[in-house]
Each structure stands twice: as structure tokens, then as C-alpha cells.
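2 protein chains.
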Amino acid sequence: MPQYKAPLRDVRFLLNEVFDYSAHYAQQPNAEDATPDMVDAILEGCATFCEEVLAPLNLSGDQEGCTFNDGVVTTPKGFKEAYAEYVAGGWQGISHPKQYGGQELPMSLNLLKSEMMGTANWSFTMYPGLSLGCMNTIFQFGSDEQKNTYMPPLVSGEWTGTMCLTEPQCGTDLGQVKTKAEPKGDGTYKITGTKIFISAGEHDLSENIIHIVLARLPDAPKGTRGISLFIVPKFLVNKDGSLGERNTVKAGAIEHKMGIRASATCVMNFDEAIGYMIAEPNKGLEAMFTFMNTARIGTAVQGLAHAELSYQGSLPYAKERRSMRALSGKKDGDQIADALIWHADVRRMLLTQRAVAEGARAMIYHSAKIADNMVACVSKGDKTGYEKFDNELGFYTPILKGFITEMGLECANLGMQVFGGHGYIKEHGMEQIARDARISTLYEGTTGIQALDLLGRKTRPARQEGPRLLQARPAMEVADRPDHAARQQGPRHRERRLL
Amino acid sequence: MPQYKAPLRDVRFLLNEVFDYSAHYAQQPNAEDATPDMVDAILEGCATFCEEVLAPLNLSGDQEGCTFNDGVVTTPKGFKEAYAEYVAGGWQGISHPKQYGGQELPMSLNLLKSEMMGTANWSFTMYPGLSLGCMNTIFQFGSDEQKNTYMPPLVSGEWTGTMCLTEPQCGTDLGQVKTKAEPKGDGTYKITGTKIFISAGEHDLSENIIHIVLARLPDAPKGTRGISLFIVPKFLVNKDGSLGERNTVKAGAIEHKMGIRASATCVMNFDEAIGYMIAEPNKGLEAMFTFMNTARIGTAVQGLAHAELSYQGSLPYAKERRSMRALSGKKDGDQIADALIWHADVRRMLLTQRAVAEGARAMIYHSAKIADNMVACVSKGDKTGYEKFDNELGFYTPILKGFITEMGLECANLGMQVFGGHGYIKEHGMEQIARDARISTLYEGTTGIQALDLLGRKTRPARQEGPRLLQARPAMEVADRPDHAARQQGPRHRERRLL
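Top to bottom, those sequences are chains A and B.
Heads up, the first sequence is in our numbering, so the first residue is 8 and it goes up one at a time.
Heads up, the second sequence is in our numbering, so the first residue is 8 and it goes up one at a time.
Be careful, since some hints might not be right.
When chains are identical, the list treats them as one kind, so a pair holds in a single copy or across two.
With a straight-line Cα cutoff of 20 angstroms, these simulated SDA-like cross-link-like pairs (lysine to any residue) come out [stated by the list, open to error]: (1) 87 to 195; (2) 433 to 72; (3) 433 to 479; (4) 433 to 248; (5) 390 to 159; (6) 433 to 70; (7) 229 to 329; (8) 433 to 263.
Since the hints were derived computationally from the structure, they do not count as laboratory data.
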């Protein structure tokens with residue numbers, strides 16, 4: 008079973024040597040707290056939490072899975088305690104406004120956190136991960152009252168959130184959404200319909216669950232232009248913020264999945280559940296697409312996570328397990344056979360995993376800076392700047408999501424391959440990585456959808472700024488940095504991690 | 008859940024139009040029974056058994072898996088009855104000598120049978136499949152007494168067999184085998200050691216299980232030159248062929264695997280179990296390698312099987328499920344959206360699956376003719392001819408095993424991808440195909456081992472006949488056949504299967 012160690016050395020190399028995050032943070036408004044010391048303390052704290060709390064629950068979580076009983080979902084043993092620790096550590100709100108109890112640190116730090124936590128235990132990360140989409144929607148489109156009601160407990164993590172988009176007949180093609188929203192006359196709506204594949208739709212980790220639901224008003228136009236967005240809490244919220252009546256939204260089942268088995272994927276039945284409209288009528292899908300880029304980059308992180316975890320699992324095995332002699336001559340002469348790592352094909356597999364993990368991490372950290380810049384433009388009211396960064400990130404997004412998740416799956420398979428037949432056995436944990444990774448090319452838009460996005464939208468004449476920016480970018484930022492020469496002299500130092 | 012339909016049209020196209028199997032069978036000695044009518048009757052009978060008996064047990068077998076209780080392995084519901092039907096149908100011995108109760112039809116027919124049965128239910132096929140290796144070993148290297156004792160019930164299928172090679176410390180590198188064989192002085196041996204990953208090592212399908220075991224004599228040289236081969240029956244066999252005492256070989260556990268969960272993969276503990284030497288002392292590995300080619304081609308069939316099954320699963324879904332409009336313009340205008348199959352990337356995936364299935368089937372059927380020719384050379388005492396065909400098959404083997412299993416896994420993944428998020432859900436059966444397929448690039452030599460075999464052994468100067476034969480072969484045999492032109496005119500006919 009892979010023993011996750013947060014790769015802080017690789018993370019710091021990118022932050023400090025390649026992308027100069029300290030200079031980047033120094034330019035961000037409201038980021039005075041993101042000092043190098045603070046960033047480092049967050050990385051260390053996150054690494055400890057991942058290694059000591061989340062990683063040990065990864066295999067057991069897969070084995071046990073979630074259980075369902077008459078609308079109640081129980082997460083695997085230890086998940087509740089781990090989530091409580093996550094909340095107590097203030098991890099949920101690190102990039103959210105201080106006004107709602109967050110730490111208001113740059114967005115990129117939240118992505119760094121997600122990478123480590125996701126590598127340690129992707130299923131666990133799905134619960135707080137889905138809250139992000141919910142929080143972002145309420146923060147950007149909610150009324151002050153909605154924000155004051157829902158943001159503080161979501162930012163603290165005491166409540167979690169979901170995104171209820173998919174229905175049995177449609178996933179990608181949301182124009183087919185059928186869920187109905189009927190005005191009750193008092194400003195609220197009765198939401199009726201069935202949503203499927205709702206991650207964290209029901210579970211036992213938090214007091215309340217806030218669903219963001221796509222539904223149609225009675226007079227809505229057909230297709231994508233007739234979809235509105237609603238807040239539907241599991242428990243209605245009283246004026247004083249305490250929990251009120253149980254709303255008529257209930258989990259009908261959980262899915263039995265190939266992987267991420269500790270993540271509850273729910274069928275959610277809305278039976279005239281009380282909902283509150285958010286954003287403008289019939290503009291729900293537009294609002295939703297505001298976050299598509301960040302959600303998809305969040306999924307790209309899964310490719311990185313599984314390439315890294317698989318590498319961390321297969322490397323020690325390749326050093327320990329002995330089989331035959333290397334083609335280039337006997338290597339461990341005092342042993343019955345040479346270690347696997349001396350065989351060329353095994354080295355190829357390990358180095359592929361590592362190249363993907365390191366390359367994907369660099370791609371994502373580069374994109375995370377752009378996300379920070381977008382937030383900065385919002386707070387400065389710089390619309391032109393925002394659009395420029397949004398175009399750039401939009402261009403990268405399908406590449407990151409499509410390429411990194413496909414490569415992550417490939418690396419997870421290579422990890423099994425290094426183990427030979429033992430890779431197929433559950434107790435080693437390598438096949439779990441391949442099963443967990445398999446969802447990443449399917450959700451948040453399949454790889455084919457990423458291709459359509461890239462070619463059909465992001466490289467069309469009106470949006471060509473993306474590829475232009477890419478061409479204009481210096482080949483590799485690291486080359487301009489004075490300490491690059493020093494690093495160049497140190498390849499053996501880097502090599503040691505592999506050998 | 009894919010509803011397996013035996014692709015008889017494709018099978019017949021290859022047999023009759025491409026490879027002219029009737030002419031091939033007419034040239035085989037002892038193959039007078041393999042008339043076109045007989046071959047067709049076998050194909051039809053096999054198809055019915057696969058569609059009606061084996062296929063319905065595929066998903067349920069995966070869900071239930073095998074269970075283990077103090078050395079006793081129980082196969083999933085329905086397997087016992089299906090195996091009894093398999094035995095009653097005489098399927099096990101179709102290519103084995105009449106002398107032992109078989110039908111003595113050509114080897115290739117057995118491969119055609121394995122393809123269909125393996126596609127319908129790969130886990131099931133593992134039980135009779137392992138018997139083949141055991142029977143071949145006893146038939147080629149056993150004494151007359153051993154053959155008379157073990158062959159008839161193995162050929163009928165009343166007993167099954169295994170190949171006990173792998174140990175905890177070694178799989179590929181069999182020179183590390185530690186299992187001991189001590190002479191008892193009466194011509195028998197006490198076998199002591201632990202074997203792992205023993206498919207069909209223990210189960211409830213047959214009365215007796217005959218293990219072929221690699222072990223070391225006390226004075227054996229180190230490494231691969233000190234390995235001998237033993238027959239170790241689960242129940243000792245009395246002179247009259249009835250079952251005697253229970254031997255001290257016992258399953259210690261079954262593995263919890265990613266896939267092929269209905270196939271019992273056992274840890275087998277030999278505790279001074281009585282064994283009978285087969286073949287010469289210290290020549291066990293050589294004997295074993297005689298069958299490596301056929302065993303590996305048997306595994307190549309798994310790549311074909313899973314490409315075919317996955318295609319059969321994703322094709323109807325792609326015709327039924329609707330999402331968005333095709334880029335090339337609205338296709339199903341009267342519907343809310345176009346069927347998935349109109350989308351270019353979905354067509355690419357389906358056509359890849361189909362091309363792999365059809366191409367792999369052609370590669371395997373070509374190789375099966377060579378296997379027939381080898382058998383014919385044996386019966387004619389034609390050593391030179393045998394070596395020529397053996398070289399040719401040996402050259403193809405790592406290509407077939409390496410390439411087809413890797414492509415089969417790719418196709419199984421494409422099948423999930425066509426289903427989108429639904430591909431990840433167990434009830435649709437698509438993720439099972441990917442999990443079942445995943446073992447194929449690991450067992451019978453990983454893909455890396457196939458590469459070593461191809462480059463290190465099969466293309467070395469002494470063995471270069473293989474590649475030379477490939478170069479000398481006409482580009483595509485079908486081109487020489489008179490009815491080729493007629494088929495050329497019928498592309499729409501073929502296309503219909505996809506659309």
C-alpha cells in the first residue's frame with residue numbers, strides 16, 4: 008500500500024525556483040498574509056494532516072465504501088473524525104473572504120492544499136471539494152441575505168454543499184434538464200425532480216448540506232436558455248442561523264462504482280423541496296459556467312494526484328522486488344536477482360510516472376497563478392485584466408483537464424504494471440489508484456468534451472487570445488532565473504529520489 | 008450490461024473468406040471430422056452455450072465473487088451448473104485424442120471455442136482453461152500410466168488441472184523457485200512449499216484437481232536448471248481410477264483482485280504432499296516452455312474478447328443515448344438531441360474497438376492455423392516442419408500477447424468512455440470489462456516480458472526465421488481469393504453493423 012509522503016521538495020522547487028510565487032503573492036491585493044513563512048507553514052501543516060490523517064484512510068475507505076440505508080449515508084470508518092479535524096484546522100476557508108470567516112489567502116494555496124489532500128485520499132477530498140462550487144456560486148451570485156446565511160458555515164466546513172446538475176437523461180447536455188421549479192408565491196420555489204451522480208449529496212460528515220440545483224421555471228424557454236439556479240438546503244435555516252425543518256430532498260440511493268468508493272455518489276430526489284432562486288431567472292447555466300474552468304482544473308489535479316501516488320507506490324517496490332538480471336549486466340551481484348528498478352522497461356515506467364507528476368504539477372501551478380490574477384482583477388475592478396486572464400485560463404483548462412487526467416490514468420496503470428501480478432491484488436493498493444483515477448476522464452466533461460471545448464470554443468477566432476498568449480510566453484520561466492545554473496549542476500541530487 | 012452475441016458472421020468471414028480454413032482442415036491428418044458442416048455446428052452450439060449459459064453469469068459472477076472458508080472455495084451461483092453443462096457438452100476435449108475420450112478435432116477449433124466462451128465470461132473460462140496446460144503437460148511428458156490415469160477425466164472435464172509455477176518471491180524469474188521435492192524412496196516425492204496466484208487451484212466445480220507443480224529436488228542445481236515437474240493430485244487416485252486419500256495440498260486463501268473475481272486465484276500450500284515426477288529431473292522448466300506459446304496466445308485471446316465485449320456493450324448505448332447535436336449538423340431532428348453515435352469522437356472510439364476486435368481475431372486465427380500445422384507435423388513425425396512452424400508461432404506469440412492485450416485494455420477503457428459517467432457504475436457492466444481486462448497485460452508474462460522475448464530471443468540471429476517468414480508472407484491473403492472483389496463491393500453491408 009503506497010505510504011503517501013507529501014512531495015514538499017518538488018512543490019517548493021516549483022513555487023520558489025520556477026514560478027517565483029513569493030513575488031507573485033507580493034503583487035496580489037489582500038495577500039499580505041501570504042508571506043513565504045506563512046505559505047511554508049501551510050504546506051507543512053497540510054503535509055502532516057495528509058500523511059497522518061487522510062492517507063491511512065485511503066485503502067480502508069475503498070474497502071468499506073459508503074453504505075446506504077433509507078436515505079441515510081454512512082461514510083467509512085474514520086472519515087467523520089478526519090473531516091472534523093479538517094474543519095477544526097480551518098482548511099475549508101483558506102482562500103475565502105475573512106468577512107465569512109475565511110483566511111482570504113490566494114486561490115492558488117487552496118489548489119496546493121487540494122493537490123496534497125487529493126493525493127492522500129481522493130475520495131475524502133470530494134466532500135469538501137464539492138462545497139467549493141457551492142460556495143463560489145453563492146458568493147458570486149447570491150443576495151446579501153443568502154451570503155450571510157450560507158457562507159459562514161460553508162466556509163468553516165460545518166456545512167457542506169453540492170452541485171446538482173446531472174439527471175438520468177442528461178449529463179453533458181444540460182439543455183435536457185427536466186427538474187421543475189414552481190413559484191410558491193412567497194418568493195420561494197417548489198423544486199421537483201431527480202438528480203443523479205451527486206457527489207456528497209448525502210453523508211454523515213456535516214450538520215447540513217446545501218444543494219445548488221439546476222431547474223426550470225414553468226414558463227422557461229426550452230434548452231439551455233431556460234435553466235435557473237436554486238439553493239436547496241437539506242435543513243431549512245432559521246433566521247438566527249440555526250437548523251429548522253427538514254426539507255423534502257432525500258437521497259434515493261448511492262451508486263456502486265468502480266472506484267472512489269468512499270465518496271458518496273447519490274441519486275437525489277427533490278419532492279417539492281423548498282428552494283431559493285440564485286442569480287437571474289433562466290441564466291443558471293451561464294452562472295454555472297463561470298466556475299467551469301476552476302472545477303475542471305480541480306479535476307485535472309486528480310490526474311496529478313494519481314500519477315504521484317502511483318509513483319510513490321511503485322518506486323519502493325521496484326527497489327525491493329528482485330527478478331532476473333539486468334540486460335546491461337548484473338547489478339546486485341550479492342543477491343539472487345537484480346532489483347526491478349534495474350530493468351529498462353521498469354525505469355521507463357517509473358520515469359514516465361514521475362515526468363507526468365512533475366510536469367502536471369508545473370502546468371497546474373502556472374495556471375493557479377492566473378486564477379490568483381483573476382481574483383485580483385475582481386477586487387481591483389479591472390474588467391479588461393480579468394478578461395485577459397480568464398481567456399488564458401480558459402484556453403489552458405481543457406488541455407489541463409483532458410491531458411493530465413488521461414496521463415494520470417496511464418500512470419496509475421503503469422504503477423500496477425511495475426507490480427506485475429501483485430498490482431492486481433487489492434491489498435497492495437495499486438489497483439485502487441487505477442480504479443479511482445478512472446473517473447477523472449469521465450466527470451467534469453469527458454476527454455472528448457474537453458477536445459470540443461478546446462477546438463470548438465477556445466481556439467475559435469474570437470477567443471484566439473489563448474493560443475497567442477501561449478506563443479508569446481517565454482519558453483521556460485526557470486531559464487531566466489539566476490539560480491538556474493546552480494540547479495543545473497545538481498542533477499545527481501534530483502536523481503537520488505528515483506534511485 | 009452487454010448482452011453477448013457470438014459474432015458468427017465475423018468469425019465465418021475470417022474462416023471462409025480470409026483464411027480458407029476448409030482447405031486448411033482438408034490438409035490436416037486425422038482431421039477428417041472437421042468438415043465445414045461439423046465446424047459450423049460446433050460454432051453454432053458454442054454460440055448458444057455462450058449466449059444462454061455463460062454470458063448471463065458474467066455480471067453476477069463478478070458481483071458475488073468466489074468465497075473462501077477453511078480451504079474450501081465456493082464459486083459464484085450458477086457456475087457449478089454451467090460447468091456441468093460444459094462437461095456434458097463435451098467441450099473440454101474437442102481437440103484432445105480420441106484415445107482419452109476427446110474428439111481429436113484441430114487445435115484451432117479449441118481456440119475458436121475459447122474466444123467465444125472467454126468473451127461471454129472470462130472468469131468462467133479460467134477453470135477449464137487451466138486444465139489445458141495440465142493436460143498438455145501430462146500428454147507430452149507423462150508416462151503411459153500417468154496418461155491413462157489422468158487424461159480421461161481431464162479430457163472429459165470431470166477433473167480440472169492447474170499450473171503451479173509462481174511463488175511469493177518470484178513469478179517471471181522462476182529460477183528463484185523454492186518448493187522442495189524429496190524422494191520418498193518408493194518412486195514418489197514429498198512436495199513442500201507455497202505457490203501463489205494459482206488460478207482454479209481450489210473450487211467446487213470438479214471432483215478432483217490435478218496440480219502440475221514446479222519444485223526442486225534436494226540435489227538440484229541452483230536457478231532454472233534445477234527445476235523439476237510433478238503431478239500433485241488433490242485426491243490421490245486408486246488403481247481403478249476411483250478417488251483415494253485426500254492429499255496434503257490445501258488452499259490457504261484466495262486473492263482479492265481488481266477483476267476476474269469469479270475466477271478463484273489461490274494460495275496453495277503443499278505440506279509433504281505426494282507428487283509424481285513428470286518429464287526428466289531438472290528439466291521441468293524446459294518442458295514448461297513447450298507450452299508457453301500456446302498459453303500466451305490463449306491470453307492474447309483475452310484482449311480480443313474484451314475488445315469485442317466492450318464494443319458489443321458500447322454500440323447499443325451509443326445508438327440509444329442522446330446528447331447535444333452532431334458537429335456536422337442535426338441528425339435526429341425529431342428528437343431532443345442526436346444519438347451519441349453521431350459524434351465524431353464516439354465514432355472514433357467505437358471504430359477503434361471494432362478494428363481491434365476484428366484485427367486481433369484475424370491475427371489469432373492466422374496463428375491458430377500454425378498451431379494446427381505443428382500438431383500435424385508431430386503426428387507425421389516431421390521434425391523440420393515442426394521447427395519451422397514453431398519458430399513462426401514463437402515469433403508471433405509475444406506480438407499477439409503484448410499487443411492484443413494492451414489494445415484490449417484500451418478498448419475496454421474506450422467502452423467505459425462511450426458511456427460517460429455511467430461507464431463508471433457497476434450495473435452497466437462496462438467497468439467490469441476494464442477490470443477483467445486489466446490482468447491480461449500482467450499474467451503469462453507482462454508486456455515488458457513479451458518485449459524482452461521478442462527482441463531478446465525471437466529476433467536474435469539464430470531465430471531470425473520468424474521475421475523472415477513474416478516478410479515473405481503475401482500482404483493479405485484475402486487479396487488472392489476470387490470472391491474478394493464481391494466483398495469489396497459490399498462496404499455498406501459491413502457498415503450496417505456499426506450504424
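Status of the hints after comparison with the structure:
Neither within a single protomer nor between protomers do residue 87 and residue 195 lie at most 20 angstroms apart by alpha-carbon distance, with minima of 33 angstroms and 59 angstroms respectively. For the identical chains of this complex, residue 433 and residue 72 are neighbours both inside a copy (14 angstroms) and across copies (14 angstroms), given an alpha-carbon limit of 20 angstroms. Taking CA atoms no more than 20 angstroms apart as the test, residue 433 paired with residue 479 passes in neither setting, with 47 angstroms inside one copy and 46 angstroms between copies. In this homomeric assembly, residue 433 and residue 248 never come within 20 angstroms of each other (Cα to Cα): the closest approach is 45 angstroms inside a single copy and 40 angstroms across copies.
In the homo-oligomer, the alpha carbons of residue 390 and residue 159 never lie at most 20 angstroms apart, since the shortest distance is 28 angstroms inside one protomer and 84 angstroms across protomers. Proximity of residue 433 to residue 70 under the C-alpha cut-off of 20 angstroms is found in both arrangements, the shortest distances being 9 angstroms within a copy and 16 angstroms between copies. In this assembly of identical chains, residue 229 and residue 329 lie within 20 angstroms of each other by CA distance solely across copies; the values are 16 angstroms between and 63 angstroms within a copy. With identical chains, the CA atoms of residue 433 and residue 263 are at most 20 angstroms apart both within one copy (17 angstroms) and between copies (6 angstroms).
In the structure shown, a violation is registered for the earlier hints numbered 1, 3, 4, 5, in ascending order.
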